[in-house]
Amino acid sequence: MSILVIGGGKMGLSHMAILNRLLDAGEVSLCDPSRLSRYVFGKMGIRTYKSLDAALGCGTAWRGAVVATPTSSHFAIAKQLLERGIPCFIEKPLTLDPDKSAQLAELQSRSGTYVQMGLVSRFIQPFARLRRLARSDALGPVQDYRARMMGNVVTKTDTRSWRTNFRRGGGCLNEYGPHLLDLCRSIFGDVRSLESVALGKVHSVHADDRVDIRWTHDSGVQGHLTLDWCDTSRRKSTTEFEVNFQQAVVKANNAELSARALVDQFGAEAAVHQLNAPMLPYPVNFYLRGEDYSLQLEVFLQRVLQRQLVLADIDDDLAAGVADGLAVDRLIQDVATKGQAA
Amino acid sequence: MSFGRIILGDNQFLGINHSSPDKALALDDRFSRPDAILEVIDWAYQAGVRDFMFTTHERLKPVFEEVVRSRLFPDMQYIPCLPYAHKYANSMTDGGIKAVVTDHLGGCSKRQLLSGASRVVFGDFPAVMQLLVEIEMLMARGLNVRGVFLQNVIFDLIVGLRGTGLLARFHRHVSERFRAVPGYITMNHPLAQRVLCDEVGIAKPWLCANFNVAGFRMNPSPVAVAASFANGRSHNIAMSILASGLLPPQESVQHVRDFQGVDCLLFGSSRRANIEANVALINAQPA
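Listed in order, the protein sequences are those of chains A and B.
So in this note's numbering, spot 46 of the first sequence is number 26, and the numbers just go up one at a time.
So in this note's numbering, spot 127 of the second sequence is number 507, and the numbers just go up one at a time.
Check before you lean on any hint, since a few could be wrong.
27 Å max Cα-Cα, derived BS3-like pairs, lysine-lysine [said to hold, decoys possible]: (1) K403(B) with K216(A); (2) K403(B) with K441(B); (3) K441(B) with K231(A).
Hints listed in this document are in silico derivations from the structure and should not be mistaken for laboratory results.
Required output: the full structure, derived from the provided sequences and hints.
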């Protein structure tokens, strides 16, 4: 029952700590080329490998792998894992090239191997509730919505960091984009057409700092999205939705969901009353840095180990798969192309 | 009893509100001035609170300096919870390793720093905890330190990684070098208790965890947390007692106050009337 975490950086560390407590001691191993990383994890009694070849060739039957390496290496690693039929949890974004993402999606589709994307925002309770609401008839169909993701990640000009270089996976669109674009797709369905894109710079020279998108979903719902990672009024990143349903306006952010009825109908008022009642965060088996981070790994383990782990009441199809990862990569490319042409 | 029954926390000073980003933003703005923080400390002190559990956030540095200089709160007991990891990350982003060293290590005891660092280099990995405590405790200079707590972000991470040697070293260093009570903040009380008692071998450790009538962030379940609070294997500080406003304060405070396994109640508030009301409620005898 062994799980392999590939990459011992910030995300790998967090995934490792959660998995290591969801499973018994010795069931999670690490693969990282860094000697320091292997030393530190080794001191905690965690088995380590210096390369993926070493891990795959050691004779262990891996039940799943977590890919938490820099995005540029996702394709090669995921390909190797999928060719061996090892279920994967891959950090977002899937790759930096939609053609490569499509190859992975094709490989996954042929083998049927389970792949889950680390699109963690789907597991934030107010957004999971909003998704359920948009897919129900409780407040009538969605008309349109406004979505924002704001934070203060970049506060000064830095030309050397990958973070402010679009080609190396940096920029607000590459960093914030997967979260918000995926959330919108997850809640409102596939995107049919991209109406307008405006890319703005504040501090970055080789990447965007602000992105404004207007698009229409297959359902006809129109969305207006804003990404901004230079908002100095924010202590940490926050995502906000304001959704116009036929019978109510619903607001959701990382912490809460609230609704206001638009029509004087008993059904709408009762639904709104229920939505406005305080909700507890999702229960998790082991909390490290937010319920969403634990929950996504509980879902992954439950699926690959076929063992009941998830305590929270969530939809079975909440987690993002490889097709969602590909769709997000394509949307990012489309937004970037349209924005650069504008 | 190592701590007073009531402890004031610092979430409000750092702009943290679990139920509303807007309220969090307003708090962050208001407490960007040290005077605003000192004013709230003064209200709590006047209401009879003597124990203050604050992080080692840089925002609190001028506040502590003023507390030491002014001697306004002679009976104040400080319980640092550490580390405030973001400040290291910020220095790293701004000026790399050099900035981390000059910003945070400059005032350390050279002997302690050298001793800790050489131990780590020569394979005694748990000595990193010794180093961490040395660095973090710089901010507590001149204050009466009663306990030193590990923040949940680092404690639960170590629990996740099963780094029991690190916890044992932290416990020993805080007890021996600072003669203070070591404690642990956690979001997983039942697991933390099992790890500390059974794997590290600590008798009756001090734990600080969410405990509230609503069951807010009590993992893996409110029933399991209530059971581990009540089993007598640990001393317990209840935090998030108001569950970020999910229920009326009176009901919330009374529930926690009257629960047998709760040794102390930790709350944060930015309003004088709320602080006084909570203190009165906690001190009142159960009906």
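### Message
Please list, smallest to largest, the hint numbers that this structure does not respect.
### Response
Of the numbered hints, just 3 does not hold.
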